[in-house]
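Can you build the whole structure from these sequences, using the hints too?
Each chain, written out:
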Amino acid sequence: MKVLVTVKRVIDPYVKVRVKSDGSGVETANVKMTMNPFCEIAVEQAVRMKEAGVVSEIVVVSIGVQQCQETLRTAMAMGADRGILVETGADVQPLAVAKVLKQIVEKEQPKLVIMGKQAIDDDSNQCGQTLAALLNWPQAAFTSNIVVNGDSADVTREIDGGLEKLTLKLPAVMTTDLRLNEPRYVTLPNIMKAKKKPLEVVKPDALGVDVTPRLKVLKVQEPPKRSTGVKVADVAELVAKLKNEARVI
Amino acid sequence: MSTYTAPLKDMQFVIRELVGLEEVTALPGWGEVNAELVDAVLGEAAKFAQEVLDPLNRSGDQQGARLADGKVTAPDGFAQAYQQFVAAGWNGLGGQTAYGGQGLPHIVSMPVQEIWNSANMAFCLCPMLTSGVVEAMRVHGSPEQQQQYLAKLTSGEWAGTMNLTEPQAGSDLSAVRTRATPEGDHYRLRGTKIFITWGEQDMSENIVHLVLARTPDAPEGVKGISLFIVPKFLVNPDGTLGERNDVKCVSIEHKLGIHASPTCVLSYGEGKGAIGYLVGEENRGLEYMFTMMNHARLGVGVEGVAVAERAYQHALDYAKTRVQGREIGQRSGDRVTIIHHPDVRRMLMMMRAQIEAMRALSYLAAAALDKSKHHPDERERGRQQALIDLLTPIVKGWCTEQAVEIASTGIQVHGGMGFVEETGAAQYLRDARITTIYEGTTGIQANDLVGRKVAFEKGATALAVIEDMRRLDARLAQAGAAEFTAMRESLKEAVDGLEQATRWLVETYPKNAKAAAGVSVPYLKLFGTVAGGWLMARAGMLAHEKLSDPEADHEFYKAKVATARFYSEHVLPNALLLAREVSSGADSVLALDAADF
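Chains as they are written, first to last, in my numbering: chain A, 1202 to 1450; chain B, 1433 to 2029.
None of these hints come from the bench; they were simulated from the model.
Result set (DMTMM-like, lysine to aspartate or glutamate): computed pairs, CA atoms no more than 20 Å apart in a straight line:
#1 B:1479 <-> A:1271
#2 A:1233 <-> B:1449
#3 B:1441 <-> A:1213
#4 B:1924 <-> B:1905
#5 B:1890 <-> B:1900
#6 B:1503 <-> B:1678
#7 A:1233 <-> B:1471
#8 B:1680 <-> B:1702
#9 A:1233 <-> B:1483
#10 A:1217 <-> B:1985
#11 A:1233 <-> B:1468
#12 A:1397 <-> B:1468
#13 B:1946 <-> B:1889
#14 B:1680 <-> B:1634
#15 A:1397 <-> A:1271
#16 A:1398 <-> B:1468
#17 A:1233 <-> B:1987
#18 B:1479 <-> A:1213
#19 A:1396 <-> B:1468
#20 A:1398 <-> B:1471
#21 B:1441 <-> A:1271
#22 B:1752 <-> B:1766
#23 B:1978 <-> B:1449
#24 A:1394 <-> B:1464
#25 B:1990 <-> A:1228
Distance windows between CB atoms, simulated:
#26 A:1440 <-> B:1979: 54 to 64 Å
#27 A:1424 <-> B:1847: 30 to 40 Å
#28 A:1443 <-> B:1515: 48 to 58 Å
#29 A:1397 <-> B:1909: 41 to 51 Å
#30 A:1345 <-> B:1617: 51 to 61 Å
#31 A:1366 <-> B:1455: 54 to 64 Å
#32 B:1844 <-> A:1222: 31 to 41 Å
#33 A:1397 <-> B:1671: 28 to 38 Å
Remember, it's a predicted structure, so these values are computed and weren't measured experimentally. Where a beta carbon is used, it is the ideal one built from N, C-alpha and C, also for glycine.
Following this line, the structure appears as structure tokens:
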């Protein structure tokens, strides 16, 4: 079966993010970028399924600027077969992402879409769920285990109260949680091979999707600096402070 | 505890803009290599180094390699990391494609080596020696030997070692005593080799030792030494591993640094004699070994760059977090991190400027090495070969001498906390300390530079490089910025000093080789310092040009210009002292007789 995996190019998690001086967003120019870690888990899952003989082809998709091709190449070096970049310089918001992906899914007809549960830059956690709704497909977000059995899949989801086990009919959309797997290190021969794998570039217009942002960012600012703490004498004082000063209980 | 982050921006700058990746990738055979591929390779190498090799650096230093019953156990985690390293294909980065390598040029493999070594120098010695063995066998091995060994050595499933030293034969290999007696299609070796890095370990399936030994009727001295392949496990004709060969590790050294890397005493032929196979012809072993040595010497130079970079990052992290005192001239107000103190800043700038210069020179050498092998024009290949011959002892000698100093400065930035092992700064000095010694001490490098390189060809290549240095002046003048006025002057004085010293050596060496040898190390340092100044000035100029582009990384390029200026004001003036030391200091070196000491 064919699997479609999505990858997002984000600021490297080890980079200290800086707010732009005009407060319009965060600084991304000349900052080290990498594949969103949850997307990496999604690619790894697909590659493992391919190695197990469950999956025959892995198509990896990214939406964004031209440099997202590097992220797609990394996914292909991990084991994806081909890449599609929906190239746009716009700030693509979750609904637009889902709409673009819907078009790609309809064209590619995968039996399964695997996505990261959220991207570490804006932490939206919406695209997978929205895409499933637009497609009217079953969905399983925050998966920590996926087993495909013919036309259905048994999944384990990480939910607030513990683990939830579900059986879904395919095709379906799944999003990955941290514990689904540990992504592999890309091997050098595969980096070389990835250069030769097909990578298609399309524009959102060609897919008939308007990616114009619908949400407006008013201002981005650094979180306030933490002020010095105080030592409390006993539990009673702590409770009193929480009640009267912090007003959280 | 700080962790290592590969300085990818500076590496990419040096590779692409300063040294010129495109000139290398335009050479036949490297059509597939481009900037994007290099970025991908460096990015993944950095990730692997940071996540797999770096976490074992400290623990490996503390635990060290251990020997029990002739078996050496690498520190915890090393064997697994090595297998991951091999599985990820990194061992074959520069290896021939015919044997499963990726055949990437040195301009790519050298930065990758820098990354590995910064993350964990002791670990890297194992793959570095293996690649030296591959290089020696590629050039001198028979087709059968290549067939039998190169694929496994390229992948890293088997590791390689070089066995030169014996207790009485250190820098003087003519004293080698290990015997090789012919027996059918092979030889039996008997003798003791010392200082064998990763001579025995539990990381690879097999170890292929390249051993220098004498055949029974060999002439005395260096012309009577042959080179043999002695595998730890004999290799069956079908490539599977057979019997254990008669070579064993009898002890490992207790060392100042690189604790994780076992330095072995190997005993050959305590029983029936170790089975060895001759490489090439008898009595030409030393010449063959030099193929490996030259390769390894550049590798050690890069170790210097790598450890220095690591020491710098460690010191920088401490300087940014350690709060101590107020800003100079302030009597009240908040206490500040020590990076606010001018002398700490000076030390950090000194480390940074020297490292960037060392990196630039090493990568320039890597590009020259690539061109010397792949350039379509024979004359250009010859010119590049002469350049790499000249640069090899400088990269090795200068980068490692600097590394020791830089690692020491790194400790100084930490103050008392640097002297205690707990902060980790001391490890870099201890690790760096070997780099000026092995693969030929700095003295040996300097003799090679002065005797075999500069004097031998009457300074031709050295003076050609000096001419190249002079050509930069016109371009700096064109750049027009105020920063470059002082830089030009400082560079001109330094280049004049280098030229004068070079001419003095060319003239003196034939008449009085002893006098020339007495100042050969200052000359080597002089060459490194001036070449570094030349490359930093060029880097500063390129960076200055980039600053007119609003899209460019202004933070990086501004820092480059500032660092280049620092180099020209704080490092380059040393060239004048060194030049004077070379031209007029030889007599006093030998003024006292040996008996007078």
